[in-house]
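> If you want the building blocks of each chain, they are given just below.
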Amino acid sequence: GAGVSQTPSNKVTEKGKYVELRCDPISGHTALYWYRQSLGQGPEFLIYFQGTGAADDSGLPNDRFFAVRPEGSVSTLKIQRTERGDSAVYLCASSLTPLIGELFFGEGSRLTVL
Amino acid sequence: QKEVEQNSGPLSVPEGAIASLNCTYSDRVSQSFFWYRQYSGKSPELIMSIYSNGDKEDGRFTAQLNKASQYVSLLIRDSQPSDSATYLCAVKNQGGKLIFGQGTELSVKP
Chain A
-5 GAGVSQTPSN
5 KVTEKGKYVE
15 LRCDPISGHT
25 ALYWYRQSLG
35 QGPEFLIYFQ
45 GTGAADDSGL
55 PNDRFFAVRP
65 EGSVSTLKIQ
75 RTERGDSAVY
85 LCASSLTPLI
95 GELFFGEGSR
105 LTVL
Chain B
867 QKEVEQNSGP
877 LSVPEGAIAS
887 LNCTYSDRVS
897 QSFFWYRQYS
907 GKSPELIMSI
917 YSNGDKEDGR
927 FTAQLNKASQ
937 YVSLLIRDSQ
947 PSDSATYLCA
957 VKNQGGKLIF
967 GQGTELSVKP
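These protein sequence lines are chains A and B, in that order.
Start counting the first sequence at -5; every next residue gets the next number (my numbering).
Start counting the second sequence at 867; every next residue gets the next number (my numbering).
A hint or two may mislead.
Straight-line C-alpha distance at most 25 Å; calculated DSS-like pairs for lysine-lysine [to be verified]: (1) Lys72/A <-> Lys9/A; (2) Lys72/A <-> Lys5/A; (3) Lys5/A <-> Lys908/B; (4) Lys908/B <-> Lys72/A; (5) Lys11/A <-> Lys72/A; (6) Lys963/B <-> Lys72/A; (7) Lys975/B <-> Lys908/B.
What the hints contain is simulated information worked out from the structure, not anything from laboratory work.
Since the structure is predicted, the reported quantities are computational estimates derived from the model, not experimental observations.
In isolation and in its complexed conformation, chain B is listed as follows:
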């Protein structure tokens, strides 16, 4: 079992729709959870962090964490073509090691 799992996609949504990205993790004692966005040929950039159960909203982005189910998700409302990128889920363990999933490619069609 991979430490952090994501569907590779591609996930295709029309402009203005909600994009839903999901991630599961195996280490039950993980404390910190992150979503990074990576445009083609570029480095990952942080878009959301979440540390406690529930929802965290930042603009059009909402991160959701359920530690009991070992599940993290990212919702992107009013998706724009500029949101087209690969979204990486990352989980940090108690030792400080940050592990990434394989990423989900999102395509937002005008």
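Chain A with its partners taken away, still in its complex shape:
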């Protein structure tokens, strides 16, 4: 596709439920990043992939959060047992390689946990 695509754009769920957020990067971009952004804050790094493998997952807040990228393209961020504090905009970005720093962002998935 022409840009980074994220679905859903908006997700409302109840505390304790399981959520999946999907990201389809720019074609040919090998690096894929996930960030979380709360109101008034900068994007908070969660994880990034180089190809199929997680190159750095140091930002995942706890074991309720998990991300995969099985074929080196589309990625899914999975959140188990959601909590109200998980409410935020989840941003996905891709870049040609991790060494070439320009990241191109999707429009984000807004998650609201009631």
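Got chain A; can you put chain B on it based on the hints?
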């Protein structure tokens, strides 16, 4: 100490003035530095990248990098109301991880 620090603002400048945005970072071996602009309700978009000490100019924007002082800045000349946004400083480490500051909100008054 935060890895990337910015003043949150808001920074208010009159139309036509120079806006100066500053950022410091803690990882001395960082290699790549970026400024992103984020309009309210939108995603960040890249406006400048800089990799070596000194100045880099692109139109009305100038990025400045001083690795010895671990300092990055962005100057916006002839500021326009359309420049009103949050400006995010981002620093990439050798492993490829890109860390953002909290952003500085800029308001350009007509």
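> All hints, please: hold or fail.
A quick look at each hint next to the structure:
The suggested pairing of Lys72/A with Lys9/A holds, with an alpha-carbon distance near 15 Å, which does not exceed 25 Å. Annotation: proposed proximity of Lys72/A to Lys5/A holds, straight-line Cα distance about 13 Å (limit 25 Å). Restraint check for Lys5/A and Lys908/B: satisfied, since their Cα atoms lie roughly 17 Å apart, inside the 25 Å limit. Taken as a hint, the Lys908/B and Lys72/A pair is honoured in the structure, with Cα atoms around 23 Å apart against an allowance of 25 Å.
Under the criterion of a C-alpha separation no larger than 25 Å, the hint pairing Lys11/A with Lys72/A is consistent with the structure, at around 11 Å. With a C-alpha separation of about 20 Å, the suggested pairing of Lys963/B with Lys72/A holds against the 25 Å cut-off. The suggested pairing of Lys975/B with Lys908/B holds, with an alpha-carbon distance near 21 Å, which does not exceed 25 Å.
Hint violations for this structure: none, all hints satisfied.
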